[in-house]
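Given chain A's structure and the hints, the job is docking chain B onto it.
2 protein chains.
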Amino acid sequence: MRCFVTGCAGFIGSLLTERLLSAGHSVVGLDNLSTGQERFLSGAREYSSFRWVHADVLDPASLTAGMSGSEFVFHLAANADVRFGFEHPHRDLEQNILATHAVLEAMRKNGIGRIAFSSSGSVYGDTPWVPTPEDARFPIHTSLYGASKAASEGLITAYCAGFGFQSYIFRFVSILGERYTHGHIVDFYRQLRSDASTLRVLGDGRQRKSYLYVQDCIDAMLLAIDRSHERVNIFNLGTNDHCEVNESIRWICEALRVTPRIDYSGGDRGWIGDNPFIFLDTAKISALGWRPTLTIRQGVLRTLEYLRTNPDLLERRR
Amino acid sequence: MRCFVTGCAGFIGSLLTERLLSAGHSVVGLDNLSTGQERFLSGAREYSSFRWVHADVLDPASLTAGMSGSEFVFHLAANADVRFGFEHPHRDLEQNILATHAVLEAMRKNGIGRIAFSSSGSVYGDTPWVPTPEDARFPIHTSLYGASKAASEGLITAYCAGFGFQSYIFRFVSILGERYTHGHIVDFYRQLRSDASTLRVLGDGRQRKSYLYVQDCIDAMLLAIDRSHERVNIFNLGTNDHCEVNESIRWICEALRVTPRIDYSGGDRGWIGDNPFIFLDTAKISALGWRPTLTIRQGVLRTLEYLRTNPDLLERRR
Numbered sequence: 001m002r003c004f005v006t007g008c009a010g011f012i013g014s015l016l017t018e019r020l021l022s023a024g025h026s027v028v029g030l031d032n033l034s035t036g037q038e039r040f041l042s043g044a045r046e047y048s049s050f051r052w053v054h055a056d057v058l059d060p061a062s063l064t065a066g067m068s069g070s071e072f073v074f075h076l077a078a079n080a081d082v083r084f085g086f087e088h089p090h091r092d093l094e095q096n097i098l099a100t101h102a103v104l105e106a107m108r109k110n111g112i113g114r115i116a117f118s119s120s121g122s123v124y125g126d127t128p129w130v131p132t133p134e135d136a137r138f139p140i141h142t143s144l145y146g147a148s149k150a151a152s153e154g155l156i157t158a159y160c161a162g163f164g165f166q167s168y169i170f171r172f173v174s175i176l177g178e179r180y181t182h183g184h185i186v187d188f189y190r191q192l193r194s195d196a197s198t199l200r201v202l203g204d205g206r207q208r209k210s211y212l213y214v215q216d217c218i219d220a221m222l223l224a225i226d227r228s229h230e231r232v233n234i235f236n237l238g239t240n241d242h243c244e245v246n247e248s249i250r251w252i253c254e255a256l257r258v259t260p261r262i263d264y265s266g267g268d269r270g271w272i273g274d275n276p277f278i279f280l281d282t283a284k285i286s287a288l289g290w291r292p293t294l295t296i297r298q299g300v301l302r303t304l305e306y307l308r309t310n311p312d313l314l315e316r317r318r
Numbered sequence: 001m002r003c004f005v006t007g008c009a010g011f012i013g014s015l016l017t018e019r020l021l022s023a024g025h026s027v028v029g030l031d032n033l034s035t036g037q038e039r040f041l042s043g044a045r046e047y048s049s050f051r052w053v054h055a056d057v058l059d060p061a062s063l064t065a066g067m068s069g070s071e072f073v074f075h076l077a078a079n080a081d082v083r084f085g086f087e088h089p090h091r092d093l094e095q096n097i098l099a100t101h102a103v104l105e106a107m108r109k110n111g112i113g114r115i116a117f118s119s120s121g122s123v124y125g126d127t128p129w130v131p132t133p134e135d136a137r138f139p140i141h142t143s144l145y146g147a148s149k150a151a152s153e154g155l156i157t158a159y160c161a162g163f164g165f166q167s168y169i170f171r172f173v174s175i176l177g178e179r180y181t182h183g184h185i186v187d188f189y190r191q192l193r194s195d196a197s198t199l200r201v202l203g204d205g206r207q208r209k210s211y212l213y214v215q216d217c218i219d220a221m222l223l224a225i226d227r228s229h230e231r232v233n234i235f236n237l238g239t240n241d242h243c244e245v246n247e248s249i250r251w252i253c254e255a256l257r258v259t260p261r262i263d264y265s266g267g268d269r270g271w272i273g274d275n276p277f278i279f280l281d282t283a284k285i286s287a288l289g290w291r292p293t294l295t296i297r298q299g300v301l302r303t304l305e306y307l308r309t310n311p312d313l314l315e316r317r318r
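Those sequence lines, one after another, are chains A and B.
Each step along the first sequence adds one to the number in my numbering, with nothing skipped, and position 294 is 294.
Each step along the second sequence adds one to the number in my numbering, with nothing skipped, and position 6 is 6.
Pulled out of the complex, with its shape left as it was, chain A reads as follows:
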C-alpha cells in the first residue's frame, strides 16, 4: 500500500511510519519539525521506500503534491499540546481543524479516499460516563483540544458521506513509550533529574489517567484497518486499566530510587479544561482480537527508561 503519513517525524507518526515500512508498504511522510524531530526519521530513512516532505500541513501546495500517488492517508500531525489551548486559542483551530480540512481537500484533489485519523478520548468532553464507549452521549467540550479533535472527526465523517471516503478514527487515551517527549512523565523526570528533593505536581495527584503503550496503539490501528470495513470506523484505543498520577509518581520514584517531597498545586484538575478522567471502553477494538502487551505500569517504566537513555530529549523545551 502506498501510504502518506502527516506528522511522520512525531512520536506516534515516526513509529507508525517504521512499522508500515517494515511491513512492506511505501511511505511518503510530511512533517514540518515543529513538534517532530528529524532524528526520529533515521529508522525510516533506511528504507528506499520512504520519502520525507519537509513541509507544513497548512501549505496546500506541498501537501497536495506530496500526497500524489498515495492510496491511504494517516493524518497524525496535530497540535499535541493539550494543556495550553487557552493560552493560544488559535492553535487548536489551525493545527487541528484547519489542518484536517486541508488534508481532506488534498485527498479529494488526488482522488485518495481512505484516511486514518489520530483522535482523542478528549472528544467526549467532561463525560460522566466512564469507561466511555464510542457511542457515548453528546459531548459538551471543556477543552479546545477536545473540541478541535471532535470537529476534525466531524469533517472527516462528512467527507465520507459526501465524497465516499472511508475513515478510521482512533480515539486515544494518553499514549506513552519510546519517543514520548511531553507530558507527565517527562515533566516529572525532568524535575527529579535536576532536583530529586522536590516534585511539583499540578492538581492533587488524584487525577486518574489511562495510558496506552505506543506500539500497542499502532498494533490496534493496523488491525482495525485490516479487519474493519465500514464507511466510518471509530475505535477507542486504551487499556482496560487506569492509574492515579500519584501511582505513576511512585513507580517513577522507585525506579529512580528517589524520595522527593511532593508539592501539589491543588484542585482536582491538572489545568483548566483538563479532563479529570479519560478512561475508554475498549470492547470494540478488543472484539477484533487486540490486546495491549504492556500494562500501564510497564508502559510508564519503559517510557522512563527511554528518557534515561535519551537525556538530550529533555533539553529541548517546547
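Certain hints may be false.
[Claimed, not checked] One side of the interface only, derived from the structure: several residues of chain A facing chain B at Cβ under 7 Å:
(1) Phe-86
(2) Glu-87
(3) His-88
(4) His-101
(5) Gly-113
(6) Arg-137
(7) Ile-140
(8) Leu-144
(9) Ala-151
(10) Leu-155
(11) Ala-161
(12) Cys-253
Simulated from the structure, these hints should not be mistaken for lab results.
Keep in mind the model is a prediction, meaning the values are calculated, not measured.
Ideal Cβ placement from N, Cα and C applies to all residues, glycine included.
Using the frame of chain A, we list chain B on its own:
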C-alpha cells in the same frame, strides 16, 4: 441589555433584532448582506437604539470594534445553505467554524462573556434516535453543515470552560415564517408560480421534516435566556410534530388552488448528506413553559402568504 447581533439583516437575525429593540434593549447589528437583505433592517432602523455595522464576521477589526460596549452576543451569522456543502467544502468551514471562532475571540478582547448561538438539529448527524434529545448519542456527521455547527458549539463550550463564558446554544429544526427566503417552500412556490402544471421534488417526497415558526423560535430563545442560568445552556427548538414533504406540498397546492403533476427525483434524501429526518425532543424547552403558537401547517401557510405578498423576494436567486 446592550446586545450585539451577527447576521442582523438575515431571516431570523432581523426579526430577533426587532424583538430585542421593542423590548427596550439596544442592538448593534453586524451583517455583510451576503445572505441578509437591507430591506429587513427597516424595522430596526426606526429605533435610535439600533446601529448597523456593514461588515463581514470574518473581518476581525470591524467585528471587535463593533462589539465594543456590548454585554450579550447573539451569533446568528452563518452559511445558511445547508444543501450545497459538498459543492463548496470551504464555505461551512469559513462561515460557520471560523466565524464562530472570530466571534469568540472578539468577545474575549471586549470582555464580553455571554453568547447565544443558532445551532441546528443537524448536529446530531444521522441519528437513529428520534425524537432526538439534547443528550443523544455521539454524532456521526453526514453533512458539512451539521459538522460545522457541532464544531462551533464545541468551541463555544470550550470557551465557557476556559474563559468563564456563559452560552445559550439553540438547536433549531428548519425555521419558517416571514422573511424566509430559501428552502422547500420557496422552491415549490417559485416553481408553481412560473408553471403550475409540474412540480419537481427532490427525493421521494416522503422525507419527514419538522418546522418551527420563526416568532415561536425567538420566543423560546428569549425565554431560555431569561430562565436558564447554567454555564452552558443547550436547547432543542422545534415543534412536537412533523410532516412529510408531500403534506406541505398538498397544503401549498390547496392554498394556491393548483394541481400540478409531481415529478420526484427519487431516493429517500433530498440531497447528499441531507438528514432524512430531523425531529427533536423539545421536553427541555417545554419545561420552561414555552409552547409554539403555530402548528407546522399554519407556519407553512403563513410563509406562503408572506411570499405571495413579497414576490420580489423570489427574484433574488441565491
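Results of checking the hints against the structure:
no. : hint    : result
1   : Phe-86  : holds, 4 Å
2   : Glu-87  : violated, 9 Å
3   : His-88  : violated, 11 Å
4   : His-101 : holds, 5 Å
5   : Gly-113 : violated, 14 Å
6   : Arg-137 : holds, 5 Å
7   : Ile-140 : holds, 5 Å
8   : Leu-144 : holds, 5 Å
9   : Ala-151 : holds, 3 Å
10  : Leu-155 : holds, 5 Å
11  : Ala-161 : holds, 4 Å
12  : Cys-253 : violated, 32 Å
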